[in-house]
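Q: Spelled out, the chains give:
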Amino acid sequence: MAQRETTASRSEQAPLLQVENLQTAFFTDKETIRAVDGISFDIRRGETVGIVGESGSGKSVTARSIMGLVDSPGRVLDGSSIKFDGEELTEKSEKEYRSLRGSDIAMVFQDPLTSLNPVYTVGNQIKEALRLHRDMRGAEATEEAIDLLEAVGIPDASRRVTEYPHEFSGGMRQRAVIAMALACDPELLICDEPTTALDVTIQAQILELLDDLQEERNLAIMFITHDMGVIAEVSDRVNVMYAGEIVESAPVVELFENPRHPYSQGLLNSIPGNQPDTDRLSTIEGDVPTPNEPATYCRFEPRCPKAFDECSKVHPESLAVNDDAADHTAACLLYPEDVSQAEAVELHERRGSQREVSER
Amino acid sequence: MSRWQYFAKRLLLSIPVLLFGTSITFLVIRAGPLDPVSAILGPQGDPQAYNTIRRQLGLNQPLWQQYIDYMVNMFTFNLGQSWVLQPDTSVYSLVLGYAPRTIWLGFWSVLIAIFIGIPLGFYAGLNPNTFSDYFASFGGIVWRAMPNFWLAVILMSVLSQSEKFFFGFDWQTFLYSTNVTGPPPLPDPIWKLFTNPDQFVRALKKIAPAALVLGSASMGNEMRIGRTAVLETINSNFIETAKAKGVPPRSLVWKHIFRNALIPLVPIITGEAFILIGGSVLVETVFDISGIGFLFFQAVKNGDMPLTGSLMFIFIVLVVLINIVQDLLYTIIDPRVGYEGGA
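From first to last, the protein sequence lines are chains X and L.
With the first letter of the first sequence counted as 1, position 147 gets the number 147 in the numbering used here; the numbers rise by one all the way through.
Offset between the second sequence (1-based) and the numbering used here: plus 1000.
The hints are simulated quantities; they were obtained by calculation from the structure and are not laboratory data.
Keep in mind the model is a prediction, meaning the values are calculated, not measured.
There may be inaccurate statements among the hints.
[Said to hold, decoys possible] Covered stretches of chain L, going by a simulated chain X footprint (3 or more residues, C-beta under 8 Å):
1. 1240–1246
2. 1255–1268
3. 1326–1339
[To be verified] Below 30 Å or equal to it, Euclidean Cα-Cα: the simulated DSS-like pairs (lysine-lysine) are:
4. L:K1192 / L:K1205
5. X:K30 / X:K313
6. X:K92 / L:K1255
7. X:K95 / X:K83
8. X:K95 / L:K1255
9. L:K1164 / L:K1205
The C-beta atom is built at its ideal place from N, Cα and C for all residues, glycine as well.
Next up, chain X with everything else stripped away, as it sits in the complex (with noise of 0.2 Å):
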């Protein structure tokens, strides 16, 4: 019931991202690599989206793809769509992406060491980014700075403004970097593993900022990690990727109790203690695939226990698991669950020969 009621309230407001059939591939001498392959999904105001998957899954690049980050030899694909509060990103040009940057849109890196320049002070940097976007120099600017600080939680911060980054503690350093992030008051804030280079105290306390501002701010967050334990703690909605495309997607309690996608149910098992009854922690074998060519075939297929023969032949589209679940989506021939195994196979054939003719 409870469910419905979110739900109702999900589809009444238009969505500030739309993620439509995203495609980033790196164009190397020897390959072409489709980091991103096709992924599709949105994040609504107020609302935090987690996305996990393990390295080299794709996860980086989607955040960069938002950003307009990509650099040589990568590149968005035609026909990927971007869409931020009804304005298509993937058609700006450079300098109209840039005044976006930091302003509409910020992003929180993984490594608060090396995300700050050592040379110029905390303060400077956070000015630099008031000055570009807000127009504020001087003393009104530094006062800024130090509200800035003391939103995101440190204390004495009209002395800290002036201190270089090597003079902060790694959770100090991330807040100031998450201060650096909303000086613009951003609409969405993309956190790529924010917390994975910090004590799990110091997560912890990252992790209630964020919440704190986005309660403030009505942000919404884009959240990248590969600990679940983190997800369950932030997001509402999880998109589970896997090789450049998201596998599984739906409402974080409902992904948590009950995983459909057989990589997101592996990587579920493969959390230290969520299995207490087991000698030995289960495990996914074998390691993420560079994906290089367009998927004919599922791409965990070689590392599923419930893989059958017509999995190396079609290729999972995402799909409504079941009938009364509408927002909750895997791309994996097992679903739809309520029709036979054959009849769910021939509809995910149907759907990828539609989707290649649209695209056409």
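Here the structure of chain X is known, so what remains is to put chain L in place on it, guided by the hints.
A: Using the frame of chain X, we list chain L on its own:
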């Protein structure tokens, strides 16, 4: 600790270094085959005169006595007089006479290296793996690889018949008629150089080939290191953070990349000063510029003990001072370098 306290501490700590360096110098000069007496007398001196001169110069005194005299003289900046090269001329007046030409040479060769090498390196680093990068990098290796003495000789012979190589462009009559070699015409007093543009250009043209040769190796070095430093900075996380903040490319390069890339270049630039002391001996000899390097070379060759020792002392003081300046520069451009401990 404030910057000035740090500076005072460094000065204090440099005294043992000076003591050690000067002692080694004394040892090398006295233990080596230098024989100023026969240099003064010539090959056919009779033993009587030999002993007289030896006594007059104080060389018959015990070594420890000579050592103490030498050290006391040096540290009270009593640099003594030349024995052989220009007898009875004080070392001070010799240095004052020869140094301006070396300083003029060194100044331009450092400037050439800094203003050509570093910009080229930064350009190559900002445009990696393009044709211009390969061109600059390859050029840097070539410059680096050409030894001073070889380049000096080649440049000299090319310039002295430049009309054959450069389609009628004649270096010797270009702007002012000069020879390729020879000392630069520095006016007396020296500051006339800056009030009289004619004198300035004349002196510059004369020193240019030698400065190019002397600066070439450092130029190549600075280019290579500059390129690496820029590449390393460009790929660091804080550049990505800055990009995500919406920093435009121009201030990305000048604010965020430039200053960080300069840090590894500081020791390279100051290190050049040492190369200039050593390298100028060769280049000054080939281009016939009678500067300090030339003077030092002559002093050693002729067994002029006090002149050699005093010049060495001056070199040691210079090296120590340059080192202190380098550390000060570090504290200015890199806030992570602290004043405490580890010195």
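Q: Compare the structure with each hint and give your call.
A: Each hint tested on the structure:
no.	hint	result
1	1240–1246	holds (count 7)
2	1255–1268	holds (count 5)
3	1326–1339	holds (count 4)
4	L:K1192 / L:K1205	16 Å, holds
5	X:K30 / X:K313	26 Å, holds
6	X:K92 / L:K1255	26 Å, holds
7	X:K95 / X:K83	17 Å, holds
8	X:K95 / L:K1255	19 Å, holds
9	L:K1164 / L:K1205	20 Å, holds
Consistency note: the structure conflicts with none of the earlier hints.
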